[in-house]
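All chains should be modelled from the sequences, with the hints used to inform the complete structure.
Sequence order for the protein chains is A and B.
The numbering of the first sequence is our numbering, which starts it at 1 and goes up by one.
The numbering of the second sequence is our numbering, which starts it at 1 and goes up by one.
These are computed hints drawn from the structure, not numbers from a lab.
Just so we're clear, the structure is a prediction, and the values are computed from it rather than from any experiment.
Do not rely on the hints blindly, as some may be mistaken.
Since the list gives no way to pick one copy over another, a pair counts as held whenever it fits inside one copy or between any two copies.
[Stated by the list, open to error] Here are the simulated lysine-lysine pairs, DSBU-like style, with alpha carbons at most 35 Å apart: (1) Lys8 <-> Lys236; (2) Lys19 <-> Lys8; (3) Lys236 <-> Lys117; (4) Lys8 <-> Lys48; (5) Lys8 <-> Lys121; (6) Lys8 <-> Lys117; (7) Lys48 <-> Lys19; (8) Lys121 <-> Lys236; (9) Lys48 <-> Lys236; (10) Lys121 <-> Lys48.
Protein chains: 2
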Amino acid sequence: MEGSFAVKGTIAFTAQRDKFTIVENAYLVCQGQRVAGVYQTLPAACQKIPVLDMGARFVLPGTCDLHVHASQFAFQGMGQNIENGKWNTWFDRYAFPDESRFQNHAYAERTYTDFAKALLKTPTTRLCAYATTDRVATEILMHILAGYGFAGYVGKVNMDRNCGDGLLETTQETLEETRRWLDQGAVGGIEPIITPRYFPSCTTEALAGLGRLAEEYRTPVQSHLSEGLDEIEWVKELDPTLDCYIQAYDRAGLLSPVHPVIMAHCVFPTPEEFSLLRSRNVIVAHCPQSNLNSSGRAAPVIDYLDAGIAVGLGTDVGGGNTLHMFRTIFEAILASKVRWAYTTDHPEQISDRQVLTLPGAFYLATKGGGALWHTGSFEPGYCFDAVVLDDSRFCQRADRTPYERLERLITMSDDRDIVAKYINGSCVYMREGEK
Amino acid sequence: MEGSFAVKGTIAFTAQRDKFTIVENAYLVCQGQRVAGVYQTLPAACQKIPVLDMGARFVLPGTCDLHVHASQFAFQGMGQNIENGKWNTWFDRYAFPDESRFQNHAYAERTYTDFAKALLKTPTTRLCAYATTDRVATEILMHILAGYGFAGYVGKVNMDRNCGDGLLETTQETLEETRRWLDQGAVGGIEPIITPRYFPSCTTEALAGLGRLAEEYRTPVQSHLSEGLDEIEWVKELDPTLDCYIQAYDRAGLLSPVHPVIMAHCVFPTPEEFSLLRSRNVIVAHCPQSNLNSSGRAAPVIDYLDAGIAVGLGTDVGGGNTLHMFRTIFEAILASKVRWAYTTDHPEQISDRQVLTLPGAFYLATKGGGALWHTGSFEPGYCFDAVVLDDSRFCQRADRTPYERLERLITMSDDRDIVAKYINGSCVYMREGEK
Chain A
1 MEGSFAVKGT IAFTAQRDKF TIVENAYLVC QGQRVAGVYQ TLPAACQKIP VLDMGARFVL
61 PGTCDLHVHA SQFAFQGMGQ NIENGKWNTW FDRYAFPDES RFQNHAYAER TYTDFAKALL
121 KTPTTRLCAY ATTDRVATEI LMHILAGYGF AGYVGKVNMD RNCGDGLLET TQETLEETRR
181 WLDQGAVGGI EPIITPRYFP SCTTEALAGL GRLAEEYRTP VQSHLSEGLD EIEWVKELDP
241 TLDCYIQAYD RAGLLSPVHP VIMAHCVFPT PEEFSLLRSR NVIVAHCPQS NLNSSGRAAP
301 VIDYLDAGIA VGLGTDVGGG NTLHMFRTIF EAILASKVRW AYTTDHPEQI SDRQVLTLPG
361 AFYLATKGGG ALWHTGSFEP GYCFDAVVLD DSRFCQRADR TPYERLERLI TMSDDRDIVA
421 KYINGSCVYM REGEK
Chain B
1 MEGSFAVKGT IAFTAQRDKF TIVENAYLVC QGQRVAGVYQ TLPAACQKIP VLDMGARFVL
61 PGTCDLHVHA SQFAFQGMGQ NIENGKWNTW FDRYAFPDES RFQNHAYAER TYTDFAKALL
121 KTPTTRLCAY ATTDRVATEI LMHILAGYGF AGYVGKVNMD RNCGDGLLET TQETLEETRR
181 WLDQGAVGGI EPIITPRYFP SCTTEALAGL GRLAEEYRTP VQSHLSEGLD EIEWVKELDP
241 TLDCYIQAYD RAGLLSPVHP VIMAHCVFPT PEEFSLLRSR NVIVAHCPQS NLNSSGRAAP
301 VIDYLDAGIA VGLGTDVGGG NTLHMFRTIF EAILASKVRW AYTTDHPEQI SDRQVLTLPG
361 AFYLATKGGG ALWHTGSFEP GYCFDAVVLD DSRFCQRADR TPYERLERLI TMSDDRDIVA
421 KYINGSCVYM REGEK
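Spelled out as structure tokens, the structure:
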């Protein structure tokens, strides 16, 4: 049992959808970077392992942010009204000018460090991040995230059409740079993910080349899909032969079964698109805040889940204004209620309501997205990614059940309440003043 | 100019909907508890008044929370899933048991003090609060809020049917207790507001008696209206002669022109109800988070505004999970987008989109609700209610415009960023470490 340890506290996780497992005064045992189990009393073989006693504090699986633009961190929260208007205005005014700054690698170093530091004080342990088109800046982001102990994927963005000054690559450049970057491989726990921004900013030739690279390197793929109605119109104009948006990625061989595929948003699937999402085992990165804020619509998450399509949650910073996935959990619940209320015939029959519950949304944020890395739960064998949270700021009364405390923690806590964080069994963060 | 002073900083407010006035390095002058004006250079007559120099920090009008249950503060953030289910379950499980605790006046003192302290660290300066049926506890809340320097209205709740154990009053009791309480009058800046909880929990006789009291004492009135579809069904069952829900209040004389009337929610107005809201000059307290979370629907705020109906914003704690009105501003924008997207024929024509802008929602939170007290703006003559905010946590780059800084402040800040607060020209809060 050398190297094993336990964290003691109020342990909560969602092994299945819609149900929290909550055990008070319990031990979460880590053995070889994996969860060995959750125990009321330590097993005989573990009697001598170090125990970090967190008292009544919560020990939860880390959240997995399946869609976040690290390069947009510097302007999150801005552009609220512009999003009301035309799709491209937001890109032209904020995203593209800001992303082009990362060619200055000192700026990249500084801004990505700010991003990683902020992320450290959230419950997130793993992420699927977008960098920019700049390969070196992408590697800088990978090194910084790995340096802070994070795990997950980082993508060098590909764009060989329809993008701002200073970001546009030729088709040849974008493929060559991607290959060069893939040849570097992983940095610590941070692996590369092929990242064509989206069909409007990638030619068919570039997409096909990226499809071949994904197959050759067995590298996962991420992109955007069906986020806005005007975007979808644009896709149709760009290629009238497409039956649906996702077909652009499918034709390019990007949805191959040899690697995971994450598609962000997926708000407006046609029946054809829905079928392809399912048959190609695409993982949907649901970004409720960003979707409600840009289109006013909510993705059909319950339909996806009912059809067996995997769903995780994403903050979509900078389209979203927070890196804190607990806020995303709350907004995923709101979004599911909105969708139900406005798209069913009898919204007054609330007893039939098909919406995300609190444990259901928590599941998506942890085990749902965590399926990419076998993490997000405390079942034996899962990667030991855990976060310790202090709810004493919200715990004025002693008669609250652990479930009620957890509800308040999820809906009210912020960076101040993160006590400690573990990724792959290593402690990557400890709050100032804790030992 | 004795007693006058100025606060210097980046001054921003919305004298009109959809447009921020932002002036950097400007002086906001207070004279006799009122705003004298905003100046780039101090007028000659003001040369000797004390100036509090806040540097580049923002000076904004305080927000007005038009709907908040002070008595539900202790369980805000709880009951997420229960709200998914039946209307009354949430009352039976959380609201009623918690509200009955306030008959213990030591508990009331403690919980209302926690509420006031938390409210101090938000941008809110004025509020329309619900206490409980307990008259003495209501007076305790008034004293506590006044003691912390707040202004606004507090209501003793009336319920003489359909409510939990320990809260039910007889019709005679509820009217007598209300009169006794009205005879006490205001406590500092906190005035009484007549508060029948809602039609299902008040008999017609009680409502009529309260209508007479409102007329006699010229006291404002607040209640709930058309929040949930099952609630509206229940109202119809309780009185099948009603043309619409609000008629229950109108018949009781509660919508008299001699006093202001605030109705919370108003999510599902029938055409008749819409007309009565307008003709009776009712002020709508729009609670976007609470509405999205309970019914999944958004109130027709743009329609109200277009029809000349006054609208303010409310947090609806504990149906809402935050006292911080900046969050409510953001959620009001989201709710307006949701409503537009799901109820218009051509949601893809986003250039025609009728939604709340950031200054539009800010206006509702300040001058909109502030109409009750002639506050919420920095035009000359307005009550001097101001809050100083520090955006240095979100200001990593020097090239942001004041508008962009303000966007980030509104979407990202919390209690830590409140530097100072003034109500009626008095400083009621100064952050620790500030002078």
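Results for each hint:
Taking the shortest Cα distances, Lys8 and Lys236 never come within 35 Å of each other, neither inside one copy (55 Å) nor across copies (53 Å). Taking the closest pair of Cα atoms, Lys19 and Lys8 come within 35 Å of each other only inside a single copy of the chain (21 Å); across copies the shortest separation is 53 Å, beyond that limit. For a Cα distance limit of 35 Å, the shortest separation of Lys236 from Lys117 qualifies neither inside one copy, at 40 Å, nor across copies, at 55 Å. Taking the closest pair of Cα atoms, Lys8 and Lys48 come within 35 Å of each other only inside a single copy of the chain (14 Å); across copies the shortest separation is 62 Å, beyond that limit.
Proximity of Lys8 and Lys121 under a CA criterion of 35 Å is satisfied in both settings, with 21 Å inside one chain copy and 33 Å between copies. Taking the shortest Cα distances, Lys8 and Lys117 sit within 35 Å of each other both inside one copy (26 Å) and across copies (33 Å). For a Cα distance limit of 35 Å, the shortest separation of Lys48 from Lys19 inside one copy, 33 Å, qualifies, whereas the shortest one across copies, 65 Å, does not. In this assembly of identical chains, Lys121 and Lys236 lie within 35 Å of each other by CA distance neither inside one copy nor across copies; the values are 41 Å within and 50 Å between.
In this assembly of identical chains, Lys48 and Lys236 lie within 35 Å of each other by CA distance neither inside one copy nor across copies; the values are 64 Å within and 67 Å between. Only within a single protomer do Lys121 and Lys48 lie at most 35 Å apart by alpha-carbon distance; the minimum there is 31 Å, versus 46 Å between protomers.
Violation of the numbered hints given earlier is confined to hints 1, 3, 8 and 9; the remaining hints are satisfied by the structure.
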